[in-house]
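Trainee: Sequence:
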Amino acid sequence: MRMKNSINIDEKLYEKIIAVAYKDASSIDKFIVYRKAKKDPEIQQLLNEFTETAMAVHNIKSDELPDSTIASVKNRMNNIDKKDFIGNFVYSKIIARPLLSSGIAGILILALAAVLFFRQPQQTPQYTKAEMELAQKQLEESVAIVNKVFKNAEKQFDNEVIPTIINNKTNKGFNLINDLLIGG
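Quick note, the working numbering runs 141 ahead of the 1-based positions in the sequence shown.
Bear in mind the hints are in silico, worked out from the structure with no lab data behind them. Predicted model only: the values in this text are computed from it and were never measured. Heads up, a few of these hints could be off.
Cross-link-like lysine to any residue pairs, in silico, SDA-like; alpha carbons within 20 angstroms at most [stated by the list, open to error]:
hint, residue 1, residue 2
1, K270, A255
2, K164, D208
3, K278, P262
4, K310, N293
5, K153, K202
6, K179, E193
7, K164, L188
8, K177, V198
9, K310, K292
10, K289, I306
11, K179, E190
12, K171, I201
13, K164, Q186
14, K180, M196
15, K278, E295
16, K289, E272
17, K153, R176
18, K234, L253
19, K296, L280
20, K177, L154
21, K180, A197
22, K179, T192
23, K171, E190
Pair by pair, the computed Cβ-Cβ distance ranges are [claimed, not checked]:
hint, residue 1, residue 2, range
24, F259, E282, 18 to 24 angstroms
25, I245, D151, 32 to 38 angstroms
26, F258, S233, 47 to 53 angstroms
27, Y163, R217, 20 to 26 angstroms
28, D151, A195, 18 to 24 angstroms
29, S233, I201, 56 to 62 angstroms
30, L257, T194, 26 to 32 angstroms
31, F259, A195, 37 to 43 angstroms
Where a beta carbon is used, it is the ideal one built from N, C-alpha and C, also for glycine.
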């Protein structure tokens, strides 16, 4: 069998010729190929070659194939990966069916449009001038209370903690140094 080498036979026509020869083509493709084969002897010759090859392939009996080839094909068919199976399933059940895939795409587009259309934007709260003045007054009172607490804590630290705890520790340290230096 020779490969296409003519300029006037494009890839699509070449595939249609093969499909017609193997009896896999649609009625329209058969009509197109037979009509072009009548007009062009090169296409007619190519169609005849492919038809002879297809007949030879269809006439091969399973006895003519070696057992190792049959076993190899069966092993390959049984060892389909799960990932390939899922991919083939999705392709054959959803993508290869234009009506189903169009329906799914339509539902997704409608869902997206509904979400965008019916989505309520969050409203920012609106405060009146009186509410803002009240909040400002409450904030000032809170800061004044915290300031008073810190001042009382500072006074208590200065009056009680530093003189009693720190001075006692410092005095003990000085007494220890004096005892060591004086020796007594």
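Trainee: Are the hints correct? Go through all of them and say.
Mentor: Structure-based check of all given hints:
1. K270 x A255: Status violated; Cα separation ~38 angstroms.
2. K164 x D208: violated, 28 angstroms
3. K278 x P262: It is violated: about 32 angstroms lies between the C-alpha atoms, which goes past 20 angstroms.
4. K310 x N293: violated, 24 angstroms
5. K153 x K202: Cα-Cα ~31 angstroms, so violated.
6. K179 x E193: OK: K179 and E193 at ~18 angstroms, within 20 angstroms.
7. K164 x L188: holds, 12 angstroms
8. K177 x V198: The hint is violated at about 25 angstroms.
9. K310 x K292: Answer violated: K310 to K292 is near 25 angstroms, above 20 angstroms.
10. K289 x I306: violated, 24 angstroms
11. K179 x E190: Holds, because 15 angstroms separates the two Cα atoms, which is no more than 20 angstroms.
12. K171 x I201: violated, 25 angstroms
13. K164 x Q186: Status holds; Cα separation ~17 angstroms.
14. K180 x M196: Measuring from Cα to Cα gives roughly 24 angstroms; hence the hint is violated.
15. K278 x E295: violated, 26 angstroms
16. K289 x E272: violated, 26 angstroms
17. K153 x R176: holds, 15 angstroms
18. K234 x L253: violated, 24 angstroms
19. K296 x L280: violated, 24 angstroms
20. K177 x L154: Distance of about 9 angstroms is within 20 angstroms: holds.
21. K180 x A197: Not satisfied, since the Cα-Cα distance of roughly 26 angstroms exceeds 20 angstroms.
22. K179 x T192: holds, 15 angstroms
23. K171 x E190: Distance of about 16 angstroms is within 20 angstroms: holds.
24. F259 x E282: 18 to 24 angstroms: violated, 44 angstroms
25. I245 x D151: 32 to 38 angstroms: Once the Cβ atoms are compared, 34 angstroms apart, the range 32 to 38 angstroms for D151 and I245 holds.
26. F258 x S233: 47 to 53 angstroms: Violated - the Cβ-Cβ distance for F258 and S233, about 35 angstroms, lies outside 47 to 53 angstroms.
27. Y163 x R217: 20 to 26 angstroms: Once the Cβ atoms are compared, 22 angstroms apart, the range 20 to 26 angstroms for R217 and Y163 holds.
28. D151 x A195: 18 to 24 angstroms: This hint holds: roughly 21 angstroms between Cβ atoms.
29. S233 x I201: 56 to 62 angstroms: Cβ of S233 to Cβ of I201: about 28 angstroms, so the range 56 to 62 angstroms is violated.
30. L257 x T194: 26 to 32 angstroms: Distance hint for L257, T194 is violated at roughly 57 angstroms.
31. F259 x A195: 37 to 43 angstroms: violated, 59 angstroms
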